[in-house]
Amino acid sequence: MIAAVLRALPVMAALAVGIGGDGMTSGRMASGRMASTRMVSTAAASTATEAPTPYWTEVKWPFPVDQWGAGRAFQCLADACGVAVTIYLRPKIGFCKCGKGVYDDAELDRVGDVGLLGQQYAGLGEGREVAVGWMKGRSRAFSVSGPYRAPAAAAAIAFNDKCDVVVATVTADADLPRAARQAVEFLNTEVVLRWARAELGSNGS
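Residues in the sequence shown are numbered consecutively from -11, following my numbering.
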């Protein structure tokens, strides 16, 4: 019996490594039929409810309605994203320079929504280029303050389809650069890209 147990140990260790490294893969190894059923039902639920991702949750838009209307807001908690991230997202139709897009920091500052967080804000260094789906744009970190809030950091992200621009404002409880990277990854999910195509009237090319 001891010899049989010793022979089984390498197999048990291999399964443990598979579970730790990729839960879906190990699920398929354990039961292909069960994994397939879970994937089908998850996909059906996502189509029906437009769930953002397993980690991002849509929350209420917290800002007063202005000329651009209400947008969408999403949160990812620290245990999933490493830091607690909130992203505020909305389109601004016809507000972008059609021929150039969001080509520099001045244009990003003009079209962005950082002012929703506080009327006193300033860029922290130069912005950088980003790509979201078929669209190009820029992101930049800001320091934001106001009469009733302590100074905090936020990131502005804007990207355009011809004359229309989508603006995203990112806040985090710590490590804003990491939060901004998480936000760009989320913006490139099919849920957001599908929404952008509908809002911008674009075929995504």
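Check the hints yourself; a few may be wrong.
[Stated by the list, open to error] DSS-like mimics (lysine-lysine), calculated; alpha carbons at most 27 Å apart, straight line: (1) 150 - 85; (2) 48 - 88; (3) 124 - 85; (4) 124 - 80; (5) 88 - 150; (6) 124 - 88; (7) 124 - 150; (8) 150 - 80.
In short, the hints are calculated from the structure, not lab data.
Consistency of the hints with the structure:
1. 150 - 85: Holds - the C-alpha atoms of residue 85 and residue 150 are around 8 Å apart, at most 27 Å.
2. 48 - 88: With Cα atoms ~33 Å apart, residue 48 and residue 88 exceed 27 Å; violated.
3. 124 - 85: holds, 13 Å
4. 124 - 80: Holds: residue 124 and residue 80 sit about 15 Å apart, inside 27 Å.
5. 88 - 150: Satisfied, since the Cα-Cα distance of roughly 8 Å is no more than 27 Å.
6. 124 - 88: Cα-Cα ~10 Å, so holds.
7. 124 - 150: holds, 10 Å
8. 150 - 80: holds, 12 Å
Checked against the numbered hints given earlier, this structure breaks only hint 2.
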